[in-house]
Amino acid sequence: MLRDARLVAGKDLRLEWRSRVTIGQVAPFALLVLVLFAFAFDPDSGSLQRAAAGLFWVAVLFSSVLAVQRSMAMEAADGNRDALRLSLLDPGGIFLGKAAAVAVQLVVLEVVLLIGIAVLYGTRLTGAGLLLATCAPATAGIAAAGTLYGVLAAGLRVRETLLPLLLLPVLAPVLIGATQAFDAALQGDLGEGWPWVGLLTVFALLYIASGVAAFGPLLEES
Amino acid sequence: MTTQSTESDRTRDPLPARDRPDDDTVSTSSRATRVLGALILVGLVVLGWVGLVASAADRELGDTVRLLYVHVPAAITAYLACFVTTAASAVWLWKRTQWWDLVASSAAEIATVLTAITLVTGMLWGRPTWGAYWVWDARLTTTALLFLLLLGYQALRSLPADRGVRNRRSAVIGLLLVPNVVVVNRSVEWWRSLHQDPTLFRPDPQLDGLMLFAWFVGWLTMTLVFVWLLFHRFRVGYLRDRVDDLGLEVALAERRAEGAADAADAGLPPAAGAPALAPVFAATQPANAWTFVTLGWLVTWASIGAYALWLVRTGRRLAAQLPAEERRWM
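Those protein sequence lines, which keep their order, are chains A and B. Under the working numbering, the letters of the first sequence match residues 25 to 246, in that order. Under the working numbering, the letters of the second sequence match residues 1284 to 1613, in that order.
Because the hints were derived from the structure by calculation, they are not lab data. Some clues are possibly wrong.
Pair by pair, the computed Cβ-Cβ distance ranges are [to be verified]:
no.: 1; chain 1: B; residue 1: Trp-1417; chain 2: A; residue 2: Ser-71; range: 20 to 28 Å
no.: 2; chain 1: A; residue 1: Arg-30; chain 2: B; residue 2: Asp-1445; range: 31 to 39 Å
no.: 3; chain 1: A; residue 1: Leu-56; chain 2: B; residue 2: Gly-1588; range: 42 to 50 Å
On a predicted model such as this, the values are computed, not experimentally measured, just so you know. The C-beta atom is built at its ideal place from N, Cα and C for all residues, glycine as well.
Isolated chain A, as found in the complex (with noise of 0.2 Å):
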């Protein structure tokens, strides 16, 4: 099952990286978003550094929605489904390896985006082992839940609209979790950050669980 997760991990950041859609589309849209933030709250109020925390993971969220659609959008052109399908790869490895693709590009945009509200919101990055210790799981739960709910909605005319309606709702804990963890870290109060990456790495493990149970199911259907 590791091997066939490796297998498509490659495979999807083989494309990735030719096609360069994350580095130049999804990361300048999350920037793109913090501007905005800056725009709808008072930079001078210090509301921005208030909640940059906040604003950091919605960026986060936002862009996680395009990095899944476009993870199956892969998948949708020339039958590729079928393919899969048809590989003998199992199908628990297909749903982590393209969990593990989708968490990569989505560390690409943390790191980004860390740099963004560093910059841009004047934030100043304390704590950095529970910043670490945040992304980690609530980067694991984002790829794997959007995997999974990713590829229920794949194959659909309507999977654009879809899609947040049913992911956004389901991610609502990490983005609580990892929000608080990060305000804990951002204000040298680490001990309140711990328990949230508890909850975090709950989270990830639950929908890690399903995505490999359910997975076979949802690859059957075309």
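Keeping the supplied structure of chain A fixed, place chain B upon it in accordance with the hints.
Same frame as chain A, but now just chain B:
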């Protein structure tokens, strides 16, 4: 012209006129649901009398406590319906029979209606009690997200798709429904408790006998309503699948017309609440408690009534398209 119309009439009716039983077997009701329906009516009368007339106003909450006799049962039953959806989805993924798919999707639709009612009655209770329709309390936030999850389920379910595909998709979403709600609830509860004491929704320790009884009758009635709706919704779902199976061109045409009606009906529970809510939102003065109580009760029972009526009518229309042996319920 006349011949043409008779011709089309004949094609629309799969059964010759004499075989069309004019009795009430052309519907989704059976003896069991009629008995249930009678019990519900009795429960409603008792609930109305105990909840609105006989029981006293609460010492702290005043008359607004009467809203809780419909609000709390609706919320509990909505959660029950979600559990049914998740359990039935899990069994479907294992057994893959139509029966479990119909149970899951029926319970999910009823859960959507009841969650909408819970939210609307909760807001109507919150306005006179807290002075706001909405506060970011853990339970409110969880319920709102649950409603959005259920809307997503309905959106996915209503897409035109091969039945096997549709069932698989909705089973996965249904399976994740309760785990999602649990995670959302934990995170939201935690999130709020960091900022404020959970003072809201404190269970009232001083429920006197009659209030407890009113609450119990409300709970019992709402559970019976759920069972009744589940029976009818299940049969409507079954009939709809059967009518689809017939594959008649007429049935297809009907189905298209029905699709349009479905789209309108999907918005039924919120739509039923929305017009009632609009004037309330416009009102800036906190009106007296009875306005909110009356409005809440009306919204609850009118939405359930409208939904039940729609189910029965859809059931009758669908049943009329199938031969009698397809709809022997019990």
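Cross-check of the supplied hints:
1. B/Trp-1417 / A/Ser-71: 20 to 28 Å: Holds - the Cβ-Cβ distance for B/Trp-1417 and A/Ser-71, about 22 Å, lies within 20 to 28 Å.
2. A/Arg-30 / B/Asp-1445: 31 to 39 Å: With Cβ atoms ~33 Å apart, the hint holds.
3. A/Leu-56 / B/Gly-1588: 42 to 50 Å: holds (49 Å)
Checked against the numbered hints above, the structure violates none of them.
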